[in-house]
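Residues per chain, in single letters:
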Amino acid sequence: MSDQLSRFPYPFNSDTYRYSNNSVLLDPPIAIEVTPEYLEEMTLKRSLLANHPNRCYQSLPHTIPAQWEIASLVLHHLHETYPEDFSLTKEGNSWTFSNHKLNETQQFVFGDVSTLPWEPLDFVGRHVQEDLILMGQRDGDLFLDAGQLCFPANWSLEFNLGMNFVEIHSPIPGFANGNLDEKIRNFIMKLEVGQPWVRRNWSLNAGKRLDASLETFHQWGQMRKQVTAENAGETVYLRVEVQKLFRLPRSHAVLFTIHSYLITLHELAQNRAYLEQLYHVLVELPAFIAEYKGMKLYKQQVIQYLEYELQKERG
Amino acid sequence: MQKQRYLLLMDETGESASHDLRNELAASSLPVEVHPVTLESLHRSELTALLFRQWIGTYLYLLVSWPLLEPLRQLAEDAGFSEQEMECHGLGPHTRQVFCSACQKMNQTEDETVISCHFCGEELSVSEHYSKRLQAFLGYTSIR
Ligand code: HEM
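Going down the list, the protein sequences come from chains A and B.
Letter by letter, the first sequence follows residues 21 to 335 of our numbering.
Letter by letter, the second sequence follows residues 485 to 628 of our numbering.
For reference, chain B alone in the conformation it holds in the complex (with noise of 0.2 Å):
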């Protein structure tokens, strides 16, 4: 694809994480659209129509903190970016959340695929199943 022209998002961490990054595609002469967004944003249709609207040949660009990578870079597809025409970037700790079905508080994991859960101590396997509201992956108890 020729990149004819750069589209960012960012949340506040990627606001402090992409100086260079910016610096750079200041310098590449290609029209540079930065563009805000916060976990409350995502499920405005402001920011699926600014996706939406996209012509072939923009370059996405995802700074966001590791929570909102995966729901933005999933509305993005859904826009018809592929991956050859974005680059995501989570930034900060790589936590993710998974919702206890027994108890239904939240977990903080890295990647296990099994955890006990820290408040109510069931075994819970961690699903793809995601919700955006939570920001969480669905942990299933078994009956072992």
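One chain only, chain A, in its complex shape (with noise of 0.2 Å):
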């Protein structure tokens, strides 16, 4: 298996899908996660922070003191998973942040956002390749408060900017069947300090995307129109997304990671039994889920192609 391939994280434990809540405890409890990707995707990340600035980041006036919570967390996550790279030193309230990688060095004064360049959600997430969404919990519901937002699938951070839980999953079809978006809304109510949970969601992508931003939807969306079975191996993307939630111990909101993969269908073909979940994945999948996740238009050919290569081996 290519290295690659061995750190995906492949999304499938059955051979049918249907939307369920699929979120398990997580095991290290940490929020960050540092691929070998790290350069390339933050250089991405910080052009469209700089272009598009509205898009990418969102947050209401209150949010503020739970941004601070979210900064802390994932300054400590990055110091204490990878010390080698990222160091953090503080001297009461004087912080110094230090990205090896990337060659930065950052002081400023814990709970002072003057001494930071930006708020400070917008700083830290120009640190992590995760997306970072502040979700905060009154009156009994959670609401988008706040989030930095550069690798979407599909939606818009100014558009939910506000919304509740169960407005922003409204789009979703049969989502609400059996309520199961207020089950997962007050499943994410109960959350714990301490004990984070996590959920693989996955999608197929025409063409390697990260930023598949619903702004550039008629731009990027046009390459499902190019997939065939012969190039479905090298067009097509299977991403998964990795979202985290942790309970924020004095704001009591709800910190919301998400961490974007691509991997090309051929590489992913590479191992037997994934190729052959895929397909069966795919040639289940109910017309509703398939439209939803943007692949009408190609999956007959992207089954066409899994067909191909599981008869290549079978030889």
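No wet-lab data here; the hints were simulated from the structure.
Some hints here could point you the wrong way.
In silico DSBU-like cross-links for lysine-lysine, where the CA-CA straight-line distance does not exceed 35 Å [to be verified]: (1) K110/A x K121/A; (2) K616/B x K228/A; (3) K316/A x K228/A; (4) K110/A x K210/A; (5) K245/A x K589/B; (6) K589/B x K319/A; (7) K589/B x K316/A; (8) K210/A x K616/B; (9) K203/A x K616/B; (10) K316/A x K487/B; (11) K616/B x K313/A; (12) K228/A x K589/B; (13) K228/A x K332/A; (14) K228/A x K121/A; (15) K589/B x K313/A; (16) K487/B x K203/A.
These numbers come from a predicted model, not from an experiment.
Hey, can you piece these two chains together into the complex? The hints should help.
Here is the structure:
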């Protein structure tokens, strides 16, 4: 198995896929993962933030205290998990963070926004591959109060800012059946400090595009028309989002992190079990889910490609 | 449902449009509570609390400008009001706002399901995805 494939967060544990609460306890309880793609992705992230600030960063004014909690959590996780690459030293409220991968050092007074070049959430987001979303909890509900989002899977942070959990998920067909949306919201509202959860979400992407923003869909979406059974191995990617949920102790808000991974179907097919399972999942996938995930135009081509690969291996 | 009391939620436009209704209700001898609403108060917990603490028998009137009506109606529904327990009046011009996902500008529309954005020209299909903050529906672009 290639290095990329062995690191890939493969999302399926069954030959069929339906929407469900597929969250499990996160062990070890670390929010951040630094991969060999770090430098490449940070360059992309920084340029998106510079060119499209409103698309990539939004916050409501009351969120600064919770943002500091996120900053503290992320910086500690970076330093404790990757001490060679990131260091954090503190003298009282005077903090110094060094990112040795990017050769950057930032000194600031913890709790004083005027000592940072950006809001705390916007600052720490610039040092991790993850997108970071802050969900405030009040009045028995969860609200999207702030976020830094550079690699969305076709949704708009600017449009969704301020919405509650159910409103955010309302575009997903069938997601409210059996009150699944409310059950998941209630599950998140019971999240405990020190007990983070993780889940994997998946879709297919035509083209290598971490920044699948809704704002530019009319451009990158065109790639869907180019997919054929012959080129699907190289043009179509399995996209997996590793999503984690952390309770913040002081503000009682929730940190939702999204780390997006892409791998070509050709690369994935090097693992026979993965190849077979993805084939079964796609063949069985209900049309409404395929349509929502945006694969209607090329699902058949992908299935043909996978069939061809399966036969090849049978010899 | 036996009506026991009335609750009126209205904004400035509702204020002037509700004279007749208020006279009528005043004559009914049932208690009437009038509560002003604004776009800002939609997000405040007092309004939610007001709706949630109502007893069975409260009949609700909403008299507000069109953009406020849908979010208010949803809030009332969340608080347990059924269609039989409320009356909704949208006032003023019946336009709805559509947020262009491509250029992030706001389009004023009537009830078209497909529009071309007045600002960037992209074809937008108007969805049911609604933002209370922006008071707008999301317009999705397509790849035709
Ligand atoms: C609390 C933080 C969360 C936020 C901010 C969030 C946000 C979103 C957004 C913006 C979308 C795209 C909706 C659109 O098309 O506009 C989405 C999709 C979805 N979310 Fe969440 N979500 C959260 C947590 C969860 C959790 C915990 C679950 C399940 C256990 C979940 C399940 C889903 C599913 C199944 C989809 C559809 C994805 C697909 O089919 O590709 N979400 N979410």
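Each hint tested on the structure:
no.	hint	verdict
1	K110/A x K121/A	holds, 20 Å
2	K616/B x K228/A	holds, 34 Å
3	K316/A x K228/A	holds, 18 Å
4	K110/A x K210/A	holds, 32 Å
5	K245/A x K589/B	holds, 28 Å
6	K589/B x K319/A	holds, 33 Å
7	K589/B x K316/A	holds, 29 Å
8	K210/A x K616/B	holds, 26 Å
9	K203/A x K616/B	holds, 22 Å
10	K316/A x K487/B	violated, 51 Å
11	K616/B x K313/A	holds, 25 Å
12	K228/A x K589/B	holds, 28 Å
13	K228/A x K332/A	holds, 25 Å
14	K228/A x K121/A	holds, 24 Å
15	K589/B x K313/A	holds, 26 Å
16	K487/B x K203/A	holds, 34 Å
Checked against the numbered hints above, the structure violates only hint 10.
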